[in-house]
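**Q** Residues per chain are reported as follows:
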Amino acid sequence: MSIRDNAWQMAAALNNKEISAVELTNQHYEQINAVDKDVHAFLYLDKEGALLQAKEVDKKRAAGERLSPLAGVPLALKDVMTQKDVPTTCGSKILENWRPPYDSTVVTKLKDAGVIILGKTNMDEFAMGSSTENSAFGPTHNPWDLTRIPGGSGGGSSASLAAFEAPLAIGTDTGGSIRQPAAVTGTVGVKPTYGGVSRYGLVAFSSSLDQAGPCARTVLDAALLHQVIAGFDPKDSTSINQALPDVVAATKKLDIKGMKIGVVKQLAGEGYQKGVENKFNEAIAELVKLGAEIIELSCPNFEYALAAYYLIAPSECSSNLARFDSIRFGLRVGDDKVKSAEEVMNLTRQAGFGREVKRRIILGTYALSSGYYDAYYGSAQKVRTLIKQDFDNAFAKCDVLVSPTAPTTAFKIGEKSNDPLAMYLNDIATIPVNMAGIGGMSLPCGLAEEDNLPVGFQIMSPAMKDDRMYLVGGALEAALLSKWGKPILDFAPKLAGSK
Amino acid sequence: MAAISRDEVANLARLARISMSDAELDHLAGEMDVILGAVARVQEVAGADVPPTSHPLAVSNVTRDDVVTPSLTPEQALSGAPASSEQRFKVPKILGEE
Numbered sequence: 001m002s003i004r005d006n007a008w009q010m011a012a013a014l015n016n017k018e019i020s021a022v023e024l025t026n027q028h029y030e031q032i033n034a035v036d037k038d039v040h041a042f043l044y045l046d047k048e049g050a051l052l053q054a055k056e057v058d059k060k061r062a063a064g065e066r067l068s069p070l071a072g073v074p075l076a077l078k079d080v081m082t083q084k085d086v087p088t089t090c091g092s093k094i095l096e097n098w099r100p101p102y103d104s105t106v107v108t109k110l111k112d113a114g115v116i117i118l119g120k121t122n123m124d125e126f127a128m129g130s131s132t133e134n135s136a137f138g139p140t141h142n143p144w145d146l147t148r149i150p151g152g153s154g155g156g157s158s159a160s161l162a163a164f165e166a167p168l169a170i171g172t173d174t175g176g177s178i179r180q181p182a183a184v185t186g187t188v189g190v191k192p193t194y195g196g197v198s199r200y201g202l203v204a205f206s207s208s209l210d211q212a213g214p215c216a217r218t219v220l221d222a223a224l225l226h227q228v229i230a231g232f233d234p235k236d237s238t239s240i241n242q243a244l245p246d247v248v249a250a251t252k253k254l255d256i257k258g259m260k261i262g263v264v265k266q267l268a269g270e271g272y273q274k275g276v277e278n279k280f281n282e283a284i285a286e287l288v289k290l291g292a293e294i295i296e297l298s299c300p301n302f303e304y305a306l307a308a309y310y311l312i313a314p315s316e317c318s319s320n321l322a323r324f325d326s327i328r329f330g331l332r333v334g335d336d337k338v339k340s341a342e343e344v345m346n347l348t349r350q351a352g353f354g355r356e357v358k359r360r361i362i363l364g365t366y367a368l369s370s371g372y373y374d375a376y377y378g379s380a381q382k383v384r385t386l387i388k389q390d391f392d393n394a395f396a397k398c399d400v401l402v403s404p405t406a407p408t409t410a411f412k413i414g415e416k417s418n419d420p421l422a423m424y425l426n427d428i429a430t431i432p433v434n435m436a437g438i439g440g441m442s443l444p445c446g447l448a449e450e451d452n453l454p455v456g457f458q459i460m461s462p463a464m465k466d467d468r469m470y471l472v473g474g475a476l477e478a479a480l481l482s483k484w485g486k487p488i489l490d491f492a493p494k495l496a497g498s499k
Numbered sequence: 001m002a003a004i005s006r007d008e009v010a011n012l013a014r015l016a017r018i019s020m021s022d023a024e025l026d027h028l029a030g031e032m033d034v035i036l037g038a039v040a041r042v043q044e045v046a047g048a049d050v051p052p053t054s055h056p057l058a059v060s061n062v063t064r065d066d067v068v069t070p071s072l073t074p075e076q077a078l079s080g081a082p083a084s085s086e087q088r089f090k091v092p093k094i095l096g097e098e
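Chains as they are written, first to last, in the numbering used here: chain P, 1 to 499; chain L, 1 to 98.
Bear in mind the hints are in silico, worked out from the structure with no lab data behind them. Some hints could be false.
Below, in silico cross-link-like pairs of lysine-lysine (DSBU-like), each with a Cα-Cα straight-line distance of 30 Å or less [claimed, not checked]:
1. P:Lys257 to P:Lys388
2. L:Lys90 to P:Lys337
3. P:Lys84 to L:Lys90
4. L:Lys90 to P:Lys358
5. P:Lys337 to L:Lys93
6. P:Lys235 to L:Lys93
Owing to the predicted nature of the structure, the values given are computational and were not obtained by experimental measurement.
Kindly produce the complete structure, drawing on both the sequences and the hints.
**A** Given below as structure tokens:
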């Protein structure tokens, strides 16, 4: 048993009583103590709560109780999900020290399944960003190269997996915040079908796009976690009342003979790094060897997805973030008994929000204002319709669609932080999935020859057909593993102090 | 001509309840101009015949039966408030002197 094992292997070791949940939890805290000063994946560690949870699981197992498949396996939780009495900052000064009085549904499900929550992971403030540099508490560093970004917004979750600080993590994906961090850290991330995982207790950024999902080091681990957190929730008015297809069985099937896989023409070419395209094409060749049929497809309106996204998401965020008013929770600045509530609110939001959050609130306020609404927000909503139509047409011809997850490998910290438009381009291949509310997965498909950094392969499946991306992802992962001879993270340099 | 002026950005900041320094306004006005120039592309394909989509699902209103269920206690609900008194949120003054 090693912390480098996969979650399903840890679950088996726990089940065979080769190790206790308390021991396994402590091993992960040892690793966190050794490497997180360099990686900075975590904003908060709840060691006391985690060990209490682990003891409980061990007691139940000793008593012969029937446990969930992941009982006793540790997990890192993105700091945008509420966990009762544990700080939940969303990477923002405005929520520093806020301890929510309730659990998100995802956390309730994790606790019920006996999954051990180690702590809260770093993120771009309110999940706005692609590098985790927008965190008010400092950036997270990519374990492959500490001078580079771990992706974003969920860079803390992806880095914790790649640094072997946790075998499982929760992310949220509004425009790619699960999949792009997975791509640049050599890990697996899944954005479920919109409505498949409850948003109750997920601090809202853009409600019609936000979706929580599983992050892991293998497709099977992601599938096992996906099964734990999915399901209808009456507390989320957009929750789908329909069972998740069997994603674990789909992952284990390893047979994609005759499947039709569509390659989207628009998600390649200009702006995509050469090594990213090469690794993507090599993965396509593996899929052909496995008996899949490759179809080249055109989704012409994807070209407008990025522009539409950067109107819709800021519009919804300008409304959602109005709740940070210095009255009910979080920061209050300037309350000297003389200033009015409005002045205090203005000063609090100036001090509490970072640059990117302010930029998006102002952009959204503009796009929704009378006189500009039709030209901006209204037009973006129409583009959303066109993107959905492109997906419908594509899925009429094939079972899944594929593309590179991100146009480049991990870039240097600081390289794009002063150029919002360059930063936004990171999401060019992941955004269409969110606009249509369908499922998307990223898994590693090799190292780019220019920089020896991981490349992500994206699989997109129709709404509530999440099993299809697991079927293709599981088969491709197995083929690549036998080609490489070892998991991709074994190619990463060892972190100082790491076990 | 710039798509958006500094004065317009200042007005948006006022509407969004965010104080901004002159330096912040100068910087943001320039950035907003660039970003708006890029996102305006949506107008190229948004014809009058295309219906808008506000949400990926065909959402309908969700209601529940009007029965009492467990909820937060007043102490829990106020636990994150910057100021409270007598089981209420304490708000800075909302009326002027005049």
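**Q** Now, for every hint given, state plainly whether the structure supports it.
**A** Now the hints, each set against the structure:
no. : hint                 : verdict
1   : P:Lys257 to P:Lys388 : holds, 28 Å
2   : L:Lys90 to P:Lys337  : holds, 11 Å
3   : P:Lys84 to L:Lys90   : holds, 23 Å
4   : L:Lys90 to P:Lys358  : holds, 26 Å
5   : P:Lys337 to L:Lys93  : holds, 7 Å
6   : P:Lys235 to L:Lys93  : violated, 35 Å
Violation of the numbered hints given earlier is confined to hint 6; every other hint is satisfied by the structure.
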